[in-house]
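Number of protein chains: 2
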Amino acid sequence: MLGGGFYSRHSQPQRAAARAADAWLVEAATAVPLPEAPTPLLIGDFGCAGGANEMAPMAAAVDAIRARNGAVPVEVAHTDLPENDFGPLFALLESPDGYPAGRTGVYPYVVGRTLYGPLFPDRRLHLGWSAITLHWLSESPAGVPGRTYPNLMSAEQVEPFRARAEQDWRLFLAERARELVDGGELVIVAGASRPDGTSGAEGLFTMIDEELAALVAAGTLRPQESERIVYPTYNRTPAEWTAPVAECGFDLLATELSHTDDAETYGGTADGAAFAERYLPFVRAVTERPFFRWLDPDRTDQQRTEILEAFYGGLAARIAADPASAACRWHVVSLRLRRKPR
Amino acid sequence: MLGGGFYSRHSQPQRAAARAADAWLVEAATAVPLPEAPTPLLIGDFGCAGGANEMAPMAAAVDAIRARNGAVPVEVAHTDLPENDFGPLFALLESPDGYPAGRTGVYPYVVGRTLYGPLFPDRRLHLGWSAITLHWLSESPAGVPGRTYPNLMSAEQVEPFRARAEQDWRLFLAERARELVDGGELVIVAGASRPDGTSGAEGLFTMIDEELAALVAAGTLRPQESERIVYPTYNRTPAEWTAPVAECGFDLLATELSHTDDAETYGGTADGAAFAERYLPFVRAVTERPFFRWLDPDRTDQQRTEILEAFYGGLAARIAADPASAACRWHVVSLRLRRKPR
Numbered sequence: 001m002l003g004g005g006f007y008s009r010h011s012q013p014q015r016a017a018a019r020a021a022d023a024w025l026v027e028a029a030t031a032v033p034l035p036e037a038p039t040p041l042l043i044g045d046f047g048c049a050g051g052a053n054e055m056a057p058m059a060a061a062v063d064a065i066r067a068r069n070g071a072v073p074v075e076v077a078h079t080d081l082p083e084n085d086f087g088p089l090f091a092l093l094e095s096p097d098g099y100p101a102g103r104t105g106v107y108p109y110v111v112g113r114t115l116y117g118p119l120f121p122d123r124r125l126h127l128g129w130s131a132i133t134l135h136w137l138s139e140s141p142a143g144v145p146g147r148t149y150p151n152l153m154s155a156e157q158v159e160p161f162r163a164r165a166e167q168d169w170r171l172f173l174a175e176r177a178r179e180l181v182d183g184g185e186l187v188i189v190a191g192a193s194r195p196d197g198t199s200g201a202e203g204l205f206t207m208i209d210e211e212l213a214a215l216v217a218a219g220t221l222r223p224q225e226s227e228r229i230v231y232p233t234y235n236r237t238p239a240e241w242t243a244p245v246a247e248c249g250f251d252l253l254a255t256e257l258s259h260t261d262d263a264e265t266y267g268g269t270a271d272g273a274a275f276a277e278r279y280l281p282f283v284r285a286v287t288e289r290p291f292f293r294w295l296d297p298d299r300t301d302q303q304r305t306e307i308l309e310a311f312y313g314g315l316a317a318r319i320a321a322d323p324a325s326a327a328c329r330w331h332v333v334s335l336r337l338r339r340k341p342r
Numbered sequence: 001m002l003g004g005g006f007y008s009r010h011s012q013p014q015r016a017a018a019r020a021a022d023a024w025l026v027e028a029a030t031a032v033p034l035p036e037a038p039t040p041l042l043i044g045d046f047g048c049a050g051g052a053n054e055m056a057p058m059a060a061a062v063d064a065i066r067a068r069n070g071a072v073p074v075e076v077a078h079t080d081l082p083e084n085d086f087g088p089l090f091a092l093l094e095s096p097d098g099y100p101a102g103r104t105g106v107y108p109y110v111v112g113r114t115l116y117g118p119l120f121p122d123r124r125l126h127l128g129w130s131a132i133t134l135h136w137l138s139e140s141p142a143g144v145p146g147r148t149y150p151n152l153m154s155a156e157q158v159e160p161f162r163a164r165a166e167q168d169w170r171l172f173l174a175e176r177a178r179e180l181v182d183g184g185e186l187v188i189v190a191g192a193s194r195p196d197g198t199s200g201a202e203g204l205f206t207m208i209d210e211e212l213a214a215l216v217a218a219g220t221l222r223p224q225e226s227e228r229i230v231y232p233t234y235n236r237t238p239a240e241w242t243a244p245v246a247e248c249g250f251d252l253l254a255t256e257l258s259h260t261d262d263a264e265t266y267g268g269t270a271d272g273a274a275f276a277e278r279y280l281p282f283v284r285a286v287t288e289r290p291f292f293r294w295l296d297p298d299r300t301d302q303q304r305t306e307i308l309e310a311f312y313g314g315l316a317a318r319i320a321a322d323p324a325s326a327a328c329r330w331h332v333v334s335l336r337l338r339r340k341p342r
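Residue numbers (the UniProt record's numbering), protein chains in the order written: chain A, 1 to 342; chain B, 1 to 342.
Calculated directly from the structure, the hints in this document are not laboratory data.
As the structure is a computational prediction, the values presented were derived from the model and not from experiment.
No residue lacks a Cβ here, since even glycine has one placed at the ideal position from N, Cα and C.
Nothing false has been slipped in among the hints.
Quick partial rundown of chain B residues pointing at chain A, CB under 8 Å, derived from the structure:
hint, residue
1, Pro82
2, Phe120
3, Asp122
Take the sequences, apply the hints, and build the full model.
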């Protein structure tokens, strides 16, 4: 994700989507076993980015714990990739907008490792939260010429993405099952496809594919660069999300498919140019790094800047010309999982 | 400290100094109480910067724990200020040079908060290490015209630095005493003054004061900017280091005053120009941020760059002209402290 707080400032759709599960997080915090003193209760926040969307859910979870026991120390572990820019998160944690403000006995920390692997010792974790993260793949399968978005690929083209997503999800569940205490819970919100296989972002990514093709045709982007550009996510269907849950050690307490409408989040699409101007920073925040880190190594900084400006300028024009098609209606799955007794 | 790994690449004197206490860290790891499963053992590393100097001591401590119990999970909490650049630390932890490589059941994390305050819940910590950090003050007292270095100030001028250092040290000890289990240990190495009040860096800081005065005389630096420049540290004497230890809940198991000689670390001073070239990146790594963050806010980026180049260029010339006086002979205190039973 883009660092320096850019992602945090342009991630309103992610927070809007995650709200679907806020109530479940509080219910889980009210239900998980409390440790005996002096063992602290540990909350894991899996995929924190710059932290802007993490403060409200963590505050609610801590308050729910405190309502049960005013004295239990609460550790909150925010995790993301080691190359994530954690600076904005630390700044938020020190600010009046951070959940530590006004709450005593709260101990935040950061783990800079992939969540598709071990993060904590056995039975250390009591409650986990992951919002708008688990549709990202641990690594990017090979690119597909002309297509950046798995939901727009053919069945054969999408297979490596599906297989990687299945492996990632099982690994995440297995490690969390090891780390959670019996009765501990996970509340997860993540990008999803509807049972028919559509995600609601097909319109935007069709414009993205068209703009990339236009850049290649104009000679701005090289064909081999365009072929490497991919959005390394996979939106599992509800059936794909729930399939391995029991096998990996969890009871599925609740699940729901909901959506967030970017047309509403960004103030409507009646004025196409105005919508494009408001919407583009969000699109840029989630695509710039995954798309353009793979430019040829001989590219100068100036060339990179020119490519980025040409791409996002052209995409803005396409969004302005047909804002209703561009505005995503993201489908998200919410899951509430409880660790089975061992 | 300078981010992006610059500090880590130019901190050989800090590691040389900390080696004095490496053996004590292993002894402490061999002596501290081990937790009962599934509680993990927690090692605190207080003041990690970019992490280059932390890998070897943490590896040795983990190995000493593992020699006693091969199964105990070990958490390692690296702490530094929230504005620290933790990126190089996370990169190191993922690399073959990181102590997690080849060791299972090791769980590193990061706390971005001042160590002069709470970091962990009560009785969570088993073993602590702090190398070349605790002579830095929690905040900088007012500047002293013409003097950047407390060891070169008059008794009256230095008093706010001494008082702040005493308060900081007591706060550090009190919080760690709260966090440590009974019998838990701290091993500390930090800048110190000899009983006569000299630190061994007076020669270098005299050159620094002279160069700053020359920049003011030349109109490069404004007088009010020069007056704000200070090196916000205090090198406690051995008596000042040990005075509050018992009162704050610790037994003093061992203490020692040793030194590290930058003339040796940087390959001798026979060739002044060559020594200055090797030595300057270290001097810059520890002084650039504390000295020059307080330039007037109207300064352009270009002016800031010009001031920095003028200062470090002039300082290099002074070092080259008298390398034997410039080369610090840092005095460091080592302390091994054990938490008294409550």
